[in-house]
Structure formats: structure tokens, C-alpha cells
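S.K.: Listed in order, the protein sequences are those of chains Y and F. Under this note's numbering, the first residue of the first sequence carries the number 643, and numbering increases by one thereafter. Under this note's numbering, the first residue of the second sequence carries the number 2, and numbering increases by one thereafter.
Derived from the structure by calculation, the hints contain no laboratory data.
List of simulated lysine-lysine pairs, DSS-like, C-alpha gap at most 27 Å: (1) F:67 <-> F:118; (2) F:215 <-> Y:726; (3) Y:726 <-> F:220.
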Amino acid sequence: MPANNYRVRVAEASDMAATVKVMRRPEPGETSYIRATLKGMALTFKHLVNPDKVTRQYPEEQPDLSPRWRGTHRMEVHADGRPKCVACGLCPTVCPANCIRLVGGEDDQGNRYPIVYEIDEFRCIFCGMCQEVCPVEAIHVGVHFENAEYTRERFVYDLDRLMEQDHPSTLLWDPSDPRSE
Amino acid sequence: MAENSQTPESVTLTIDGREVSVPKGTTILQAAEALGNRIPHYCYHPGLSAPAQCRLCLVEVEGAPKLQPSCITEVQDGQVVLTESEEATRQRTGVLEFYLANHPLDCPICDQSGECKLQDYVHAEGRKHGRSREPKRVFGRDDFGGDILFYGDRCVMCTRCVRFMNEMAQDPRLTVVERGNRSIIDTFFEEGVEGSPYAGNIVDICPVGALVSKDFLHKARAWDLDHKPTICPNCSQGCNIDFHVRDNRVQRLKPRANLEVNQYWMCDYGRHRYEWMNREDRIESPVVNRSGRPVPSDWSETLEALHGRLQEGVRPVKAVASPFASNEDLAALRHLVDALGGGEIVYRLPRADREIPLPGFPRLSRRRDLAPNGRGAEILGMERVGDDEGAGGLDELAHYTGTLVVLGDELADLEPDFGEQAALYIYVGSHPSPAASQADYRLPATTFAEQEGTFTNHEGRVQRFWPGLQAPGLARPAWLVLGALAARMTGGPVPTSAAEAFVQAAELAPEFQGLTYESIGTRGAIINEPVALPGA
Chain Y
643 MPANNYRVRV AEASDMAATV KVMRRPEPGE TSYIRATLKG MALTFKHLVN
693 PDKVTRQYPE EQPDLSPRWR GTHRMEVHAD GRPKCVACGL CPTVCPANCI
743 RLVGGEDDQG NRYPIVYEID EFRCIFCGMC QEVCPVEAIH VGVHFENAEY
793 TRERFVYDLD RLMEQDHPST LLWDPSDPRS E
Chain F
2 MAENSQTPES VTLTIDGREV SVPKGTTILQ AAEALGNRIP HYCYHPGLSA
52 PAQCRLCLVE VEGAPKLQPS CITEVQDGQV VLTESEEATR QRTGVLEFYL
102 ANHPLDCPIC DQSGECKLQD YVHAEGRKHG RSREPKRVFG RDDFGGDILF
152 YGDRCVMCTR CVRFMNEMAQ DPRLTVVERG NRSIIDTFFE EGVEGSPYAG
202 NIVDICPVGA LVSKDFLHKA RAWDLDHKPT ICPNCSQGCN IDFHVRDNRV
252 QRLKPRANLE VNQYWMCDYG RHRYEWMNRE DRIESPVVNR SGRPVPSDWS
302 ETLEALHGRL QEGVRPVKAV ASPFASNEDL AALRHLVDAL GGGEIVYRLP
352 RADREIPLPG FPRLSRRRDL APNGRGAEIL GMERVGDDEG AGGLDELAHY
402 TGTLVVLGDE LADLEPDFGE QAALYIYVGS HPSPAASQAD YRLPATTFAE
452 QEGTFTNHEG RVQRFWPGLQ APGLARPAWL VLGALAARMT GGPVPTSAAE
502 AFVQAAELAP EFQGLTYESI GTRGAIINEP VALPGA
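With these hints in hand, go ahead and build the complete structure from the sequences.
M.R.: Right, here's the structure in full:
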């Protein structure tokens, strides 16, 4: 079947008559383009004074992000500066992109805490499941999008970096309407 | 109804509408298990006495005035048992609610999370929300000595640990102190379980995260671990164990039930000796010594060159084997040595000064021979040399001028000039060693943890183990390397699987004859005896 179809298609293509209209290009001196240029500039100046313009003066003017925007992560910290994470291992388990690396351990006060906590933001698909699964509300995706860096390595956020982030955390659902009803 | 149910010792009863025939004296819980119906329980453990105190295994028995604890109620003919009836389910939900009244629900930081019976049962049948408003009682954490930590808040007071120490270890170090709501497991004085050689088992039998291992504390989550069946390599008892593996590293060892070898237990000596399997200094590719310069090579080239060298004719052979190698590896070495004209094979075996038996099950003991396969080496006609440290005995071989083959032994006590005068020195091993530096051919072998094979334990039980880790680089099982060489020399078949290598081993030793991987199975088989029946 595929072979037959192919042959049919070839036959149709060769039957089709191609019609080409040849346009004559004006010789130099035959036209000045002045009228066309003025028409174009008139449109440009009209937009300059148009009150309905859509251009935003980024970065002076920041965009208004939704509270449910899911951007790069941040780690919540206790008042004494320790990360809230207890290294339970649920976020690396639930992460569909496998971008979280976690090594648990015990700190000097006998608390379970992450010795290593790294998120590869390049691998991350920003699904927000890490935030949803976290039993102690430590890891959050954030309302933030300006992530440019000079090297690729800088996109693997370690624990200190995650704790430094100060952008707002994402609301995964509206607290007044948790079921989106 | 099955025919055998008519025999006098057999009792037939109905559990949840299904008929089952079991021997007289069986409990309802065991009968239900035979049907694949696991009745929730904490205090009952097949290896210990049953005090029927957790009240979780209560089931409805028709005709009985109230619910019966299935772990101690013996089956009777014509009994009708309902484990899922409304009354039984309501009762379990209620008991679980009591358990949760004081449980801290700290699953995120609890090492048992993922393999916790309280988690499982509450998830299956517990209430969705607790109703208790009273503050929870708090005990905090207690160091029980040795490898054991105790989190009293998580405890469900099943007393399995107390009973293990009393009945199995017969070394009562734990007890229940206080009464009622305040009762808790505790140690006598400050002694704890320190020094008790089987205390690690109380971590295994703890159904919740109350008793945890310091060695494993916060190391890995239970659901991340692959369980790989294997045999403990640390003494000649041959306990059946599981590797718990994550990231291609053994994270801990856990006993696997085999009623004829180790029941449900293993000793702490074996339990904590696994780090060597994770060693990262490994021989990763064949290395050929070309006029004093070690040159990494690939397998086909190396074996070709080695075969050519062997065909040129060899001087008399002497070999060093290791009791840590499998039966298949040792037999392949024997095949090769025989193909080269025969010669003496020696092995060195570290030996402890005493056995450490488990008093409640004396068949299980930390044996004196601290290697898994000394018996296998003996069966294959090898000779033990050296002292009880597993050292010495090779001084003569160090300056041997014939052909020298070393399998597995790391030669840690020997000088770098070992084998310098040998006409041909072949070293097959896993780890680089100074004494292997003079080897003409240094061939990378897998450790037992990375290959399939069998060990023969002290009583002559051949037991299979399975690969738990991935071998690094070009490392291959020694039976494959040596078997391929021997086959080339003799023109025989090359073993393509561990099962075939075992068949070739059986050709060498009458003790192994009649055994195959199928007949050995997962329970092991005694040499030269019909297959042992699976554990009752």
C-alpha cells in the first residue's frame, strides 16, 4: 500500500501545470519611493502617539506575574537560619524530571537535615510537585523569571543558593478556593 | 476438598469464604497467610512467642462470643473465620486510632518510613483524621548502645525486641518499664545492648521506626532501595541475606528467611561488614605487562596473547585461590590448572578464635571460618595455608620460578616483588594490590556482589547468590575468564552462564554431582543429597 500511494502522488505532481507570472522590475528613475516612505513613516508616528500601545518598558517596568506563576525554586528557612527541609526524600521521589539531588544527614542538634540539596533548574520542568509534596513546606517554586547566568553550572542551585532566594513563593492554589470551583 | 485434608493431623476451616486445610496446631493467622491473606499484626513474629497483646490481629470466629486473637487461636475443624467482617474491620480501625493517639507522625524524618507497618495499616484501614485533642506524650530519643537508637514516641509496644533478647539472644537486656499509658521499652542501667552479638536483629523485627540502626540513620529512604537476594560472605554459616542497594552501593544488609540456615536472623558481625563491596579502587581493565610497563588492554587481545603464551609451553603451575570466591570461580581455576598440567592450589582463610552461636537457634552461629566458601575450596582439592589472620604461608610462592596463578586473594601482607621470579604470573582479582604489580597479566574480576554464583557453607549446603551491584569497567566473573582460558586449552565448551559453570564444577567434584541451579533454588541444597525441602 505505501508503495502504491507513493506512485500515485508522484503522478499527480507531474500532471500539474505550473503557471508563473513574470513581474517587471521598474528601472532606476522610473519611481522615487517617496510616497511609499511617507506612508510608512505616517504609520510609525501614529503608533508613537497611540494611547493603546502594548509595549512594556522592561526592565524599568516589571511585568505583573500571577501568584500561581511557577518559576525557579526557593527554600524556606527557620528564624535561626536553618533550612526548613528535613531531608524526607519525597521531592526527589516525586520529581518527574529527576532534577533534585538530596543526601540526608544529622546536624549537631540531632535534627535530620539535607547535607546536599541541589536542584538542576535546567532539568526542572516547573511542575510544582516538589512544593505540593513537601510535608514541611520547605521547598517552593517561586514567582520569578529572571534567571540569566553566565555559565551553565550556575543553574544547579545548591542549598545555600536556594535559601538566599527572596522572591515570593508560588501559590499552587487559591487558599480561598482550594478546589478551583 | 483436597484428599489430604482427610488425614487425622489436618484441619479444614473456612477463612473469608475460602476453604483451607492446614496441619493441626496451626494458628488462624498462619492459616490465613497460607491463603495469601496477611492479617495485620505487630506482636506476633514467626520466630518468637506470641503474647497476643497488640490486639490488631483480632478476627471474627463464628460462634465465638467475641473477637479472637488470630495469632494464638488454633484452627479447628469446620471453623468459619471472617477477617474482613464489619466487626473485625471496625475493631482494627479503633486499635489503630489508639496507636496513633501518642504516635508523633514524624514519617518525614523516620527511617522506617516506606517499610513501616503502622504506616501501611493506617493507610489501609485507619481513620482519615485523628480525634484526640490531648497532648501527646514525649519520650525523645535514647541511645541503646551498640548500633541501636530508640525513638520511644514511635514505639507501639509490641515487645518483639524484648522477646528477641529474652528468647533468641537469651541475654535479657531490654524490658518494659512503667505501666499503662506510660509503659516504654528501656534498658537495664546504662549497659544497653552494647556488645550483644545479635542485637541488630531487633531493628529488623521492629515493625515501626522505634528501633533504628545508627549505621543506616538518615542514609537512604526505604523506597529507594533495591533488595537483592544474596549470601552473607563474612563467615562460613552462609546466612541468607538481602543487599539493600542504592546508587550501585550496598547501603545495608538484612537477613532473608531460611528456616534451615539462619531462620530470620543474622549476626552483627556479618551485618556491618559490607563497606568493602563498595570499594572504588578497582582493577577496571585487563593490564598486560610489556617489558616492565603495564599496558591496559581489552579482553579479546589479552586472552589471545595469554593463550598464545600458554601454548608456548608452561613451567609447572602453582596457584593461590581465595575462600571468598564462588564454587564456579574456584572450579574454573581448577580446570585451568589441570589444563596446564596440574598443580597445587592453596588458599588462605582468616579464622576467629571462637564461634558466636545464637542461643535460641544454635544452628545459627558466627562460625570460626571468616570466609563464605572455605568448604568449597576444600571440596575442590585446595589446601589451606597461612595463619588465623589469613596471612602468611606464601613465602615459598613469592619467589616461585614456575607459572603462578592468583585468584581473588589480595596478597595484602606480601611485598611488591611477589612473583618477580615467576616465569608467568597471572593475577585475577578485583582490587589493585602492590603484590600484583609484577603480574604479567592482571585480569579484572567481579566481586561476589557483582556476579551470580554459589557458596558451600560449613555444613556443605550449596547456596546461590545473585548479582546486587553493577561491575565497574571491564571486570568479568572469574569463572568466565578462567573458564574461557581453560576451554581454549582443552578444546572444551566455554561456560556462558553461572549455571553452566556450576555444571562444569560438578564434573570436578562428586560432591556437587546431581546438583543444578534449579535444584538448589533459593533455599540451598546439601551436597550429595536430594534437594532440601523448602522451609516449612
